[in-house]
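Undergrad: In case you want the letters, here they are:
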Amino acid sequence: MLRAVSPVVLAERVTKWYGPRRAVADVSFAIAPGEIVGLLGPNGSGKSTIFRMLTGYLVPTSGRLEVAGHDVVEDSLGVRRVISYVPEDAPLYDHMRVGEFLHFMAGLKGLHGPKARAAVDEATERLDLARVMKLTTGKLSRGFRQRVSIAQALLGDPRVLVLDEPTSGLDPHQVIAVRDLIQSLAGRHTVLLASHVLPEIEKIASRVMILLDGVLLTSDALKHVAQDLTLRLSVDAAEDVVRDATKTVAGVREVVADGVGRFLVRAERRRSLAADLVSALVAAQIQVRELTEARPDLERVFLDLTRRPEVAA
Amino acid sequence: MRSFAVLLGKETTALFSSPIAYVLMTVFLLIMGYSFTLTLFLSHQPSMVHIFFQMFVLFMLTAPLVTMRLFAEERKLKTLEVLLTAPVSEFAIVLAKFLAAMSLIVVMLMLSGAYAAALAWFGDPDFGPIYSGYFGLLLFGSALVGTGLLTSAVTANQVIAALISLSMFLLLWIIDNFGWLLPSPADTLVVNLSLSVHFRPFAVGSIYLSDVGFFLSVTLLMLLLTVRALARR
Chain A
341 MLRAVSPVVL
351 AERVTKWYGP
361 RRAVADVSFA
371 IAPGEIVGLL
381 GPNGSGKSTI
391 FRMLTGYLVP
401 TSGRLEVAGH
411 DVVEDSLGVR
421 RVISYVPEDA
431 PLYDHMRVGE
441 FLHFMAGLKG
451 LHGPKARAAV
461 DEATERLDLA
471 RVMKLTTGKL
481 SRGFRQRVSI
491 AQALLGDPRV
501 LVLDEPTSGL
511 DPHQVIAVRD
521 LIQSLAGRHT
531 VLLASHVLPE
541 IEKIASRVMI
551 LLDGVLLTSD
561 ALKHVAQDLT
571 LRLSVDAAED
581 VVRDATKTVA
591 GVREVVADGV
601 GRFLVRAERR
611 RSLAADLVSA
621 LVAAQIQVRE
631 LTEARPDLER
641 VFLDLTRRPE
651 VAA
Chain B
14 MRSFAVLLGK
24 ETTALFSSPI
34 AYVLMTVFLL
44 IMGYSFTLTL
54 FLSHQPSMVH
64 IFFQMFVLFM
74 LTAPLVTMRL
84 FAEERKLKTL
94 EVLLTAPVSE
104 FAIVLAKFLA
114 AMSLIVVMLM
124 LSGAYAAALA
134 WFGDPDFGPI
144 YSGYFGLLLF
154 GSALVGTGLL
164 TSAVTANQVI
174 AALISLSMFL
184 LLWIIDNFGW
194 LLPSPADTLV
204 VNLSLSVHFR
214 PFAVGSIYLS
224 DVGFFLSVTL
234 LMLLLTVRAL
244 ARR
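Residue numbers (the working numbering), protein chains in the order written: chain A, 341 to 653; chain B, 14 to 246.
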């Protein structure tokens, strides 16, 4: 599971208990410098807990977490010098003006005088905050609060950026702007972002980890996407007949009805699968009208991996 | 060091831009002014001993209102997450909040200096007890702020933080009454926990190292426990 390249973020068997409840269970992963990694999972799956441990806000119950070679427990301050965090819900000091807040955060990150001004100016420009600089953060809309929170995270040019639901509450234009911004950070920063919005994470991240009930189900869901194959099948036969005919074809995992005479066939990706499938259907005297490959998507992988009674229903 | 100055600036600005600070100062001056005038006209003595005991009680009642929001509010608004993931130590955060709250105590003491000035203007007071009284109130205030900071760090509810602080102060104020009833050596131990036992000498003009040490120890202990409470997450 752990990668050979020297990772900038390393988690080894990390577990976190909140009293009797286990929020994160034995999670291990590694993130290489410059990667944009998405952490996907339903609400309450442990994404924020992992981020809070990574940024030094929470202490793991067991296991080891390192950021840029600094242990989050032994050298929390060292970790906090190289990492920036955008918490969920963008908490800000509501009595402060935007400019005042950004200068305050720059000061905490060791930026003072001209350096602070330059960093604040750059972040302001990147997040298009110039027109709200004199407003108190308490009067900002949800979208602007989120942007101010991201702007403070960019101050000080951190090596690792941790963004918890960064596009939550933004309108579609702002979502695109933030998505472009995060993608522009690739290479220069290592980005770890959490979301429960699947299409968003699919568009931004170069690697997707899936978390459910505190358990890391996969540290590279996109690999599953590449491995799996979904075929759209259009035939003139009933569902049970099609199922019977295809159950002997090697690699076929499931056949799901997708309308009248239409089915989705999920299978392992292999070269002769389509030919074998057609042969099996013809042998069962089923007339095949159409067989095409459906675009593989992360949603399928996500639903398969996180299948729970309410999800499967 | 400059990051600490940034933190201190933020805390002081937050405190003095909230109405609580001004309401507290106004109430403090009104009650103290009334008490000072009444005492002066009744006793005809240029002394502040009586005022110092009143300030002692008033500080116990008002300090929780100053300290209750310091961490509890940050926890509730989730800004504590922003603060504790920034590259500043927990001790710097606690110290900045402590000094900011102490600045309000100092301002209140300075404003009450008008009474001492009035005595000096119209009479010939003994300044020894006045200096020691102010010194005692400063130490006493730091112990109260330290304790209030700890209670604010362990809960997200400001009212609960204030009530826990207030209960502790009131208990430690009168605990000597109960302590005298205990057999030796428990009586000495319990009586020495009393805030009033350690403050009384300051108010009447005596400074004992044991009393200074008591208030400084309580302050330091509370600050360290607050840092510990923040670090145990």
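The hints are simulated quantities; they were obtained by calculation from the structure and are not laboratory data.
Where is the CB? At the ideal position from N, CA and C, for every residue including glycine.
Certain hints may be false.
Said to hold, decoys possible - Incomplete in silico selection of chain B near chain A, CB under 8 angstroms: (1) R15; (2) H63; (3) V95.
Undergrad: Taking the hints in turn, state whether each one holds.
TA: Going through the hints against the structure:
1. R15: For R15/B, the interface hint holds, since the closest Cβ of chain A sits about 5 angstroms away, which is under 8 angstroms.
2. H63: Interface hint status for H63/B: violated (39 angstroms vs cutoff 8 angstroms).
3. V95: OK, holds: V95/B within 8 angstroms of chain A, min 6 angstroms.
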